[in-house]
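Q: One-letter residues, chain by chain:
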Amino acid sequence: MLLKLRELSQRKMFDLLSQIGIENFIGVPDSTMKYFISQGLKKKKIIVTTREDEAIGIAAGMSLSKQNSLVFMQNAGFANSISTVTSLIQLYEFPIVFLIGWRGYLKDDAPEHYKIGRIQPKLLKAIGIDSKIITDSNLKECCKWAMNKINNSIPCALIIKREFHD
Amino acid sequence: MIRKDAIKIASDMIYNSPIISANGYISRDLFEADDKDTNFYMIGSMGLSSSIALGVALKNPRKRVYVFDGDGNILMNLGSFTTIGKLKPKNLIHLVFDNQSHDSTGGQPSNTKNIDLYKIAKSSNYTAFKTNSKIGLEKIFRKIKNMNGPIMILIKITKGGKPGKRITHLPVTIKKRFSQNL
Numbered sequence: 001m002l003l004k005l006r007e008l009s010q011r012k013m014f015d016l017l018s019q020i021g022i023e024n025f026i027g028v029p030d031s032t033m034k035y036f037i038s039q040g041l042k043k044k045k046i047i048v049t050t051r052e053d054e055a056i057g058i059a060a061g062m063s064l065s066k067q068n069s070l071v072f073m074q075n076a077g078f079a080n081s082i083s084t085v086t087s088l089i090q091l092y093e094f095p096i097v098f099l100i101g102w103r104g105y106l107k108d109d110a111p112e113h114y115k116i117g118r119i120q121p122k123l124l125k126a127i128g129i130d131s132k133i134i135t136d137s138n139l140k141e142c143c144k145w146a147m148n149k150i151n152n153s154i155p156c157a158l159i160i161k162r163e164f165h166d
Numbered sequence: 001m002i003r004k005d006a007i008k009i010a011s012d013m014i015y016n017s018p019i020i021s022a023n024g025y026i027s028r029d030l031f032e033a034d035d036k037d038t039n040f041y042m043i044g045s046m047g048l049s050s051s052i053a054l055g056v057a058l059k060n061p062r063k064r065v066y067v068f069d070g071d072g073n074i075l076m077n078l079g080s081f082t083t084i085g086k087l088k089p090k091n092l093i094h095l096v097f098d099n100q101s102h103d104s105t106g107g108q109p110s111n112t113k114n115i116d117l118y119k120i121a122k123s124s125n126y127t128a129f130k131t132n133s134k135i136g137l138e139k140i141f142r143k144i145k146n147m148n149g150p151i152m153i154l155i156k157i158t159k160g161g162k163p164g165k166r167i168t169h170l171p172v173t174i175k176k177r178f179s180q181n182l
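Chains A and B, in that order, give the protein sequences. Once you know that position 130 of the first sequence is 130 in the numbering used here, the rest is easy, because the numbers rise by one and skip nothing. Once you know that position 13 of the second sequence is 13 in the numbering used here, the rest is easy, because the numbers rise by one and skip nothing.
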């Protein structure tokens with residue numbers, strides 16, 4: 001199994017983000033980041049919601065309470081939430097980190113992911129959300145980059161590519 | 001009872017506790033009736049007022065946090081009932097002003113003519129109340145004073161009435177003043 005962001009890295013990433021100031025992790029599970037979520041569940045720090053935009057709403061409420069939040073989801077869920085990103089997160093300037101599992105990155109991923117997966121980078125660019133793709137080797141740098149954005153009140157996205165089949 | 005009157009009564013009884021209000025006429029009526037720093041007017045992202053309030057409630061357990069929701073709004077995010085019901089924030093009070101229609105967009109019918117949100121809230125672990133009158137609403141407010149949430153109050157209102165003026169504060173101002181007063 002070729003998994004770029006290995007289990008250990010995903011768990012490390014959760015711990016690292018917690019250490020540097022992310023206090024809340026809210027979202028809809030995605031298998032691409034299952035170890036990240038499992039690490040959070042182990043530490044009782046995860047809130048699982050019914051939809052991605054619901055998670056974004058909860059994170060906005062926590063941000064009003066001056067706490068930093070990460071919202072995790074699959075790219076299909078991000079596409080579902082675009083108008084929430086523009087009319088809540090960007091309109092009110094809520095600094096939220098999005099962690100997005102990128103299905104449809106591989107051309108032979110399941111067919112339902114193909115079209116939305118192909119335009120994923122363009123979607124982020126079109127609405128003006130800066131992003132970085134996380135790998136085993138740039139993990140720390142990406143987490144710090146995201147924290148820096150949050151500290152400057154700018155929402156941003158971290159992307160995990162789906163580089164395996166199950 | 002029209003929406004405007006119901007919102008005024010509720011807002012008067014809440015004083016300075018945080019209120020997160022749904023987009024459309026609900027926020028506009030609240031703005032006109034009783035603009036204050038502790039109101040968060042959600043002007044876009046239809047459906048999410050109860051989710052924003054959940055985030056505020058979880059992080060401010062000593063404050064009673066109120067949602068001014070509409071039937072059209074909560075129907076867009078019904079899953080929120082289940083997330084709130086699972087997490088059971090004791091300090092969350094969820095008011096749904098239900099006129100069985102999308103009044104802000106021309107009065108088109110919503111599903112609550114046939115579906116009872118009170119029952120859905122109850123089966124989602126809320127303590128739920130229902131009223132269609134001023135006296136009933138005031139009574140419920142007195143009753144829940146020392147009660148633990150999540151509490152849902154379904155307020156059946158009639159359609160119509162002139163909507164409140166548009167909110168004149170910038171979104172970022174709404175956020176900042178709400179946040180500073182938490």
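If you are wondering where the hints come from, they were derived from the structure by calculation, not from laboratory data. Misleading hints may appear alongside valid ones.
Said to hold, decoys possible - Sample of chain B residues at the chain A side, in silico, Cβ under 10 angstroms:
| # | residue |
| --- | --- |
| 1 | L48 |
| 2 | P171 |
| 3 | K175 |
Even for Gly, the Cβ is constructed at its ideal location relative to N, Cα and C.
Q: How about B/P171: closest beta carbon in chain A under 10 angstroms, or not?
A: 5 angstroms, holds
Q: Less than 10 angstroms between beta-carbons is the criterion; does B/K175 satisfy it with respect to chain A?
A: This hint holds: B/K175 lies near chain A, its Cβ roughly 5 angstroms from the closest one there, short of 10 angstroms.
Q: Do the numbers back the hint for B/L48, that is, is its least Cβ distance to chain A under 10 angstroms?
A: 4 angstroms, holds
Going down the numbered hints, you'll see the structure goes against none, and every one checks out.
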